[in-house]
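Engineer: Sequence:
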Amino acid sequence: MKESWSKHSDTLEKSREYHKRYQIAVSSPLRRRILRLIKEGKSEREIGEILGLDEKQLEYHLKILEWGYCIDRSEGRLEITKEGLVVDYLD
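Residue numbers (the working numbering): 53 to 143.
Calculated directly from the structure, the hints in this document are not laboratory data. Check before you lean on any hint, since a few could be wrong.
[Stated by the list, open to error] Below, computed lysine-lysine pairings styled on DSS-like, alpha-carbon distance capped at 25 Å:
id: 1; residue 1: K115; residue 2: K91
id: 2; residue 1: K134; residue 2: K94
id: 3; residue 1: K94; residue 2: K115
id: 4; residue 1: K134; residue 2: K115
id: 5; residue 1: K94; residue 2: K66
All chains should be modelled from the sequences, with the hints used to inform the complete structure.
Structural biologist: Right, dumping it as structure tokens:
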């Protein structure tokens, strides 16, 4: 499981950007639901079906979660990062 903080902690400016992106990513209840489903091992297709999102809508939210350091995408799979595990403590 990856973590992204260490590569952004060397300057105050990088730290602020990291926290801004992260806050934007986890502030949406829908994106928190997506994180929970990823944690459960659901695929992109399954997530879209469960939440009633079309491909374009889901892609939008996945990009924000990736930009906000909450998920990684590799080899067609979605993986939650350490930062994404915050979902266990929200709501």
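Engineer: Work down the list of hints and note, for each, if the structure agrees.
Structural biologist: Taking the hints in turn, this is what the structure says about them:
no. : hint           : verdict
1   : K115 with K91  : 17 Å, holds
2   : K134 with K94  : 18 Å, holds
3   : K94 with K115  : 17 Å, holds
4   : K134 with K115 : 17 Å, holds
5   : K94 with K66   : 32 Å, violated
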